[in-house]
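With the hints as constraints, model all of the structure from the sequences given.
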Amino acid sequence: DGGITQSPKYLFRKEGQNVTLSCEQNLNHDAMYWYRQDPGQGLRLIYYSQIVNDFQKGDIAEGYSVSREKKESFPLTVTSAQKNPTAFYLCASIQGWGRTEAFFGQGTRLTVV
Amino acid sequence: AQSVTQPDIHITVSEGASLELRCNYSYGATPYLFWYVQSPGQGLQLLLKYFSGDTLVQGIKGFEAEFKRSQSSFNLRKPSVHWSDAAEYFCAVAANRDDKIIFGKGTRLHILP
Numbered sequence: 121d122g123g124i125t126q127s128p129k130y131l132f133r134k135e136g137q138n139v140t141l142s143c144e145q146n147l148n149h150d151a152m153y154w155y156r157q158d159p160g161q162g163l164r165l166i167y168y169s170q171i172v173n174d175f176q177k178g179d180i181a182e183g184y185s186v187s188r189e190k191k192e193s194f195p196l197t198v199t200s201a202q203k204n205p206t207a208f209y210l211c212a213s214i215q216g217w218g219r220t221e222a223f224f225g226q227g228t229r230l231t232v233v
Numbered sequence: 867a868q869s870v871t872q873p874d875i876h877i878t879v880s881e882g883a884s885l886e887l888r889c890n891y892s893y894g895a896t897p898y899l900f901w902y903v904q905s906p907g908q909g910l911q912l913l914l915k916y917f918s919g920d921t922l923v924q925g926i927k928g929f930e931a932e933f934k935r936s937q938s939s940f941n942l943r944k945p946s947v948h949w950s951d952a953a954e955y956f957c958a959v960a961a962n963r964d965d966k967i968i969f970g971k972g973t974r975l976h977i978l979p
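So the protein sequences, as listed, match chains A and B. The numbers in my numbering rise by one with no breaks, and the one at position 25 of the first sequence is 145. The numbers in my numbering rise by one with no breaks, and the one at position 28 of the second sequence is 894.
Since the hints were derived computationally from the structure, they do not count as laboratory data. All values derive from a computational prediction rather than experimental measurement. Just so you know, nobody snuck in bad clues.
Reference excerpt, derived from the structure (chain B facing chain A, CB under 7 Å, subset only):
| id | residue |
| --- | --- |
| 1 | Gln-908 |
| 2 | Gly-909 |
| 3 | Leu-910 |
| 4 | Leu-912 |
| 5 | Lys-966 |
| 6 | Ile-967 |
| 7 | Gly-970 |
| 8 | Lys-971 |
| 9 | Gly-972 |
All residues carry an ideal CB built from backbone N, CA and C; glycine is no exception.
Written out as structure tokens, the structure is:
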């Protein structure tokens, strides 16, 4: 079955460590997105990529980094520069070029202690 | 830049009652509009979308939404809610078919038995 997979579902890290969240899709979608969700804040856009080897900052990119070396994969690194990294992270993919509907993964809950 | 406002953070309705969740957007042209639903700890599922044409759109699970250009609104409705509709609902907008999708802060729906 086609879909978008985020792993792991739960992730714990010590403060000061970088951590990478995985997002893989087999939908052959061109665009991929990372959102952060906090209670009462809705979904805030971190980074997005419309095409392989290209990505743009969203509204809250500081302290995060991404890469898009393959169409299927869009990993997100939460760096030690992110001041408040504990959150629920959602990855989405969109077919691109006119097909704007986003398909979401099940999310990764990151807790930094 | 486009934005989305969901004025109600929480809504409580009795099972079997009708439902309307409000969404207002800020954008000059006709944007692409979406409603998504999220169960706790899960990703988002698309309920319905509006790109053009008939301003009343039907979605899954018995939901519908009406686009009103004069009011910059895209309210979600359901004639009779079920206990399983308890979830968080997000309105979203994209400026055009290739633009990023921006989400509102969400409305949490509670159902009274």
